[in-house]
Amino acid sequence: MPVTGFLRTRFMPHIWCPGCGHGIVLGALLRAVERMELDRNNVVMVSGIGCSSRIEGYADFHTLHTLHGRALAFATGVKLARPELTILVPMGDGDALAIGGNHFIHAARRNIDLTAIIMNNQIYGMTGGQSSPMTGCGEYATTAPSGNLESPFDAVELARAAGATFVARSTAYHAQELSRILERAIKHKGFSVVEVLSQCPTYYGRKNGKGDAVEMMKWYRDNTVSASAAEDGEGKTRVGVFLDIDKPEYTASYAAKAAGAVRVER
Amino acid sequence: MSVSRKTSADVRFLQGNEVCAEAAIYAGLRFFAGYPITPSTEIAERLSDGLPRIGGRFIQMEDEIGSLCAVIGASLTGAKAMTATSGPGFSLMQEAIGFAIMAEIPCVIIDVQRGGPSTGLPTRAAQGDVMQARWGTHGDHAIIALTASNHQDLFRVVVDAFNFSEVFRSPVVLLLDEVLGHMREKIRMPAPGEIELTERLTTSVPGGVDYHPYFPREDGRLPMSDFGGVHRYNVTGLVHDMWGFPSDRPDVANDLIHHLVNKVENRAESLLRYREYHLEDADIVLVSYGSAARSALHIMENRRSVGTRIGLLELQTLWPFPEELVRQKCRNARFVIVVEMNMGQIVREVKAAVENPQRVFLANRVDGTMITPTDIKNVMRIIEGKGV
Numbered sequence: 001m002p003v004t005g006f007l008r009t010r011f012m013p014h015i016w017c018p019g020c021g022h023g024i025v026l027g028a029l030l031r032a033v034e035r036m037e038l039d040r041n042n043v044v045m046v047s048g049i050g051c052s053s054r055i056e057g058y059a060d061f062h063t064l065h066t067l068h069g070r071a072l073a074f075a076t077g078v079k080l081a082r083p084e085l086t087i088l089v090p091m092g093d094g095d096a097l098a099i100g101g102n103h104f105i106h107a108a109r110r111n112i113d114l115t116a117i118i119m120n121n122q123i124y125g126m127t128g129g130q131s132s133p134m135t136g137c138g139e140y141a142t143t144a145p146s147g148n149l150e151s152p153f154d155a156v157e158l159a160r161a162a163g164a165t166f167v168a169r170s171t172a173y174h175a176q177e178l179s180r181i182l183e184r185a186i187k188h189k190g191f192s193v194v195e196v197l198s199q200c201p202t203y204y205g206r207k208n209g210k211g212d213a214v215e216m217m218k219w220y221r222d223n224t225v226s227a228s229a230a231e232d233g234e235g236k237t238r239v240g241v242f243l244d245i246d247k248p249e250y251t252a253s254y255a256a257k258a259a260g261a262v263r264v265e266r
Numbered sequence: 001m002s003v004s005r006k007t008s009a010d011v012r013f014l015q016g017n018e019v020c021a022e023a024a025i026y027a028g029l030r031f032f033a034g035y036p037i038t039p040s041t042e043i044a045e046r047l048s049d050g051l052p053r054i055g056g057r058f059i060q061m062e063d064e065i066g067s068l069c070a071v072i073g074a075s076l077t078g079a080k081a082m083t084a085t086s087g088p089g090f091s092l093m094q095e096a097i098g099f100a101i102m103a104e105i106p107c108v109i110i111d112v113q114r115g116g117p118s119t120g121l122p123t124r125a126a127q128g129d130v131m132q133a134r135w136g137t138h139g140d141h142a143i144i145a146l147t148a149s150n151h152q153d154l155f156r157v158v159v160d161a162f163n164f165s166e167v168f169r170s171p172v173v174l175l176l177d178e179v180l181g182h183m184r185e186k187i188r189m190p191a192p193g194e195i196e197l198t199e200r201l202t203t204s205v206p207g208g209v210d211y212h213p214y215f216p217r218e219d220g221r222l223p224m225s226d227f228g229g230v231h232r233y234n235v236t237g238l239v240h241d242m243w244g245f246p247s248d249r250p251d252v253a254n255d256l257i258h259h260l261v262n263k264v265e266n267r268a269e270s271l272l273r274y275r276e277y278h279l280e281d282a283d284i285v286l287v288s289y290g291s292a293a294r295s296a297l298h299i300m301e302n303r304r305s306v307g308t309r310i311g312l313l314e315l316q317t318l319w320p321f322p323e324e325l326v327r328q329k330c331r332n333a334r335f336v337i338v339v340e341m342n343m344g345q346i347v348r349e350v351k352a353a354v355e356n357p358q359r360v361f362l363a364n365r366v367d368g369t370m371i372t373p374t375d376i377k378n379v380m381r382i383i384e385g386k387g388v
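These protein sequence lines map, in sequence, to chains D and P. Going by this note's numbering, the letters in the first sequence line up with residues 1 to 266, in that order. Going by this note's numbering, the letters in the second sequence line up with residues 1 to 388, in that order.
These aren't lab readings, by the way, just hints derived from the structure by calculation. There's no promise every hint is true.
[Stated by the list, open to error] Among the chain P residues that face chain D by a calculated CB cut under 10 Å, a handful are:
#, residue
1, 26
2, 30
3, 52
4, 53
5, 61
6, 65
7, 75
8, 98
9, 185
10, 242
11, 244
[Stated by the list, open to error] To list a few chain P residues with every Cβ distance to chain D over 10 Å, as calculated:
#, residue
12, 71
13, 77
14, 81
15, 121
16, 195
17, 368
[Stated by the list, open to error] Covered stretches of chain D, going by a simulated chain P footprint (3 or more residues, C-beta under 8 Å):
#, segment
18, 28-42
19, 245-259
Computed from a predicted structure; not experimentally measured. Note that beta-carbon positions come from the ideal geometry of N, C-alpha and C, so glycine has one too.
Turn these sequences into a full structure, and let the hints guide you.
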């Protein structure tokens with residue numbers, strides 16, 4: 001099936017601004033699903049709230065557009081109830097790491113087989129450009145008019161420390177590599193985290209003098225270095241796969257435990 | 001083995017919280033997500049053991065917010081799903097209750113009430129969440145909330161809650177209180193099949209044909225399709241059209257909000273559960289619910305035995321509030337006393353329902369201890385000008 005076959009064109013045009021990186025993430029994701037030849041009836045996409053989370057409406061899977069920050073909690077319920085389904089959980093950076101931070105670390109700790117995709121544009125776009133937990137220190141936002149005092153999370157280190165078993169980072173510039181990483185993340189049995197730097201020229205770019213979408217993507221090209229590269233990459237962002245390990249997956253452990261539970265009459 | 005019992009009835013001595021767990025499994029529960037909180041924790045404990053034995057799933061989530069979210073996710077796959085909590089956790093669940101109302105996802109929420117506000121009196125009795133159950137989540141909506149005063153009724157009401165959640169595609173709140181949750185009492189367990197169960201109404205639309213998840217049938221019901229099935233559709237907390245896709249068209253929004261309210265309000269009669277005692281000739285009518293109704297029942301029996309024409313209307317359906325029932329049952333009353341363990345939540349509804357609101361009084365208690373028959377008797381004496 002061509003990748004457009006996975007789109008719900010009935011609901012287009014989409015809501016994203018011209019130059020937004022989120023459509024590239026959707027394209028990379030759908031190409032991964034296409035290559036894997038997944039049956040659409042076995043794929044559930046669960047998203048939160050924000051620009052990024054509107055992604056699920058355009059994808060022809062079972063789609064659940066939830067509450068701000070809560071996508072992983074809803075997804076946990078879907079997965080535990082139907083472990084055979086493939087669950088994709090696209091979220092924004094504020095969605096996943098501010099309001100949803102607690103659900104994020106606990107989903108990672110459980111190592112439940114979900115693919116968390118953090119579409120990181122370093123800003124709250126839908127509400128008009130407020131600082132997020134991924135906005136850099138000193139950067140500008142409508143709620144940081146004289147520069148952000150706070151430091152951002154390193155989502156890769158956070159995911160690793162919390163117990164995720166597949167952790168990667170990519171950008172909207174690296175669309176083909178991103179698609180291959182997403183394929184690996186979906187195939188991985190356990191909690192997978194893929195952080196994707198996705199440009200927001202409308203708010204983050206404009207507020208911080210980053211130029212238009214093309215310039216922002218060139219910045220991703222010129223300021224990233226491979227996760228495995230020997231060079232020290234001073235001041236650059238590392239991209240690629242950081243962690244890919246096997247550990248007991250939650251729903252598999254649950255099934256094994258439940259199989260041992262004998263029904264007894266009380 | 002010697003068998004001396006003449007009956008095959010399954011009689012047990014259980015806590016209210018244990019009754020909830022047993023009744024939920026009887027009703028078809030297959031998924032529970034929760035977070036520990038007094039005085040509801042025994043429900044989670046019992047189900048953590050019981051559900052895996054019958055192919056069900058139990059998970060302890062990171063908080064009450066996530067608990068109800070997981071329940072909604074599981075329900076979308078076709079599983080009957082529930083959570084249980086107390087006041088502070090119920091506050092955290094309000095966001096997801098609104099989602100379940102908007103997206104019309106069946107689920108059951110048990111709130112074993114404690115004293116509040118805030119952390120309040122975790123191990124003490126109160127009925128302070130009646131209005132939170134009605135209006136806790138933002139926006140216009142209808143809600144279904146049930147309660148009971150004894151374990152036999154509680155079992156039935158838990159099954160009702162699951163049945164109603166399927167018929168109405170709505171969250172159903174079960175309001176217990178600490179006394180009911182922790183009290184042990186004899187209960188005869190209903191036999192399988194004794195209480196009718198409502199299974200999920202699933203669509204008959206075949207795969208490959210357009211299925212409109214939010215297009216109500218003539219009777220207002222919306223057949224569902226499980227996630228993982230042949231129909232791929234969208235579910236959202238945004239105002240949505242018949243496809244489940246977000247819309248901000250005024251006509252779509254107007255129709256949806258009216259549908260969400262009317263589907264419950266217009267069929268409130270089918271949700272009505274109550275008990276009545278000696279109302280036929282009562283000139284004093286007690287209106288109560290939950291464990292407070294036990295004290296009301298006690299004082300009523302006590303005063304009946306000395307010739308007082310007193311009766312009790314025990315409400316099991318709190319929301320939608322049974323206005324017409326209350327109006328009729330209180331019509332001939334000289335005065336009405338609402339007995340509840342809060343500063344007066346249902347008494348407002350009773351005053352709004354009856355013809356003579358100035359004859360409606362409140363007997364209450366908010367110190368964390370259960371209201372006693374003497375408390376009610378004292379209110380009656382004051383009303384009658386006798387002094388306490």
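So, going through the hints one by one against the coordinates:
1. With a least beta-carbon distance of about 13 Å to chain D, the hint placing residue 26 (chain P) at the interface is violated under the 10 Å criterion.
2. A cut of 10 Å between beta carbons decides the hint on residue 30 (chain P): the least distance to chain D is about 8 Å, and the hint holds.
3. Interface restraint check for residue 52 (chain P): the shortest CB-CB distance to chain D comes to about 4 Å, inside 10 Å, so the restraint holds.
4. For residue 53 (chain P), the suggested interface contact is upheld, since its CB lies about 5 Å from the closest CB of chain D, less than 10 Å.
5. Interface hint at residue 61 (chain P): satisfied, since its Cβ lies 7 Å from the closest Cβ of chain D, which is below the 10 Å cut-off.
6. Interface restraint check for residue 65 (chain P): the shortest CB-CB distance to chain D comes to about 7 Å, inside 10 Å, so the restraint holds.
7. Because the beta carbon of residue 75 (chain P) sits about 8 Å from the nearest beta carbon in chain D, less than 10 Å, this interface hint is met.
8. Residue-level restraint check for residue 98 (chain P) holds (minimum Cβ-Cβ distance to chain D is 9 Å; threshold 10 Å).
9. The restraint placing residue 185 (chain P) at the interface with chain D is violated, with a minimum CB-CB distance near 17 Å, outside the 10 Å limit.
10. At about 12 Å, the closest approach between the beta carbon of residue 242 (chain P) and any beta carbon in chain D exceeds 10 Å, and the interface hint on this residue is violated.
11. Restraint check, residue 244 (chain P) versus chain D: the minimum CB separation of about 8 Å is within 10 Å; hint holds.
12. Not every Cβ of chain D is farther than 10 Å from the Cβ of residue 71 (chain P); the closest lies at roughly 6 Å, contradicting the non-interface assignment.
13. Residue 77 (chain P), annotated as away from the interface, has a beta carbon of chain D within 10 Å; the closest lies near 4 Å.
14. For residue 81 (chain P), the requirement that its beta carbon stay farther than 10 Å from each beta carbon of chain D is not met, with the minimum near 7 Å.
15. For residue 121 (chain P), the non-interface assignment is confirmed: its Cβ lies about 27 Å from the closest Cβ of chain D, beyond the 10 Å cut-off.
16. For residue 195 (chain P), the shortest C-beta to C-beta distance to chain D comes to about 19 Å, beyond the 10 Å cut-off, and the non-interface label holds.
17. The non-interface label for residue 368 (chain P) is consistent with chain D: the shortest C-beta to C-beta separation is roughly 31 Å, beyond 10 Å.
18. Only residues whose beta carbon comes within less than 8 Å of a beta carbon in chain P count, and the segment 28-42 of chain D has 3; three or more means the coverage holds.
19. Figure legend: the segment 245-259 of chain D, annotated as covered by chain P; annotation consistent (3 residues with Cβ-Cβ distances under 8 Å, at least 3 required).
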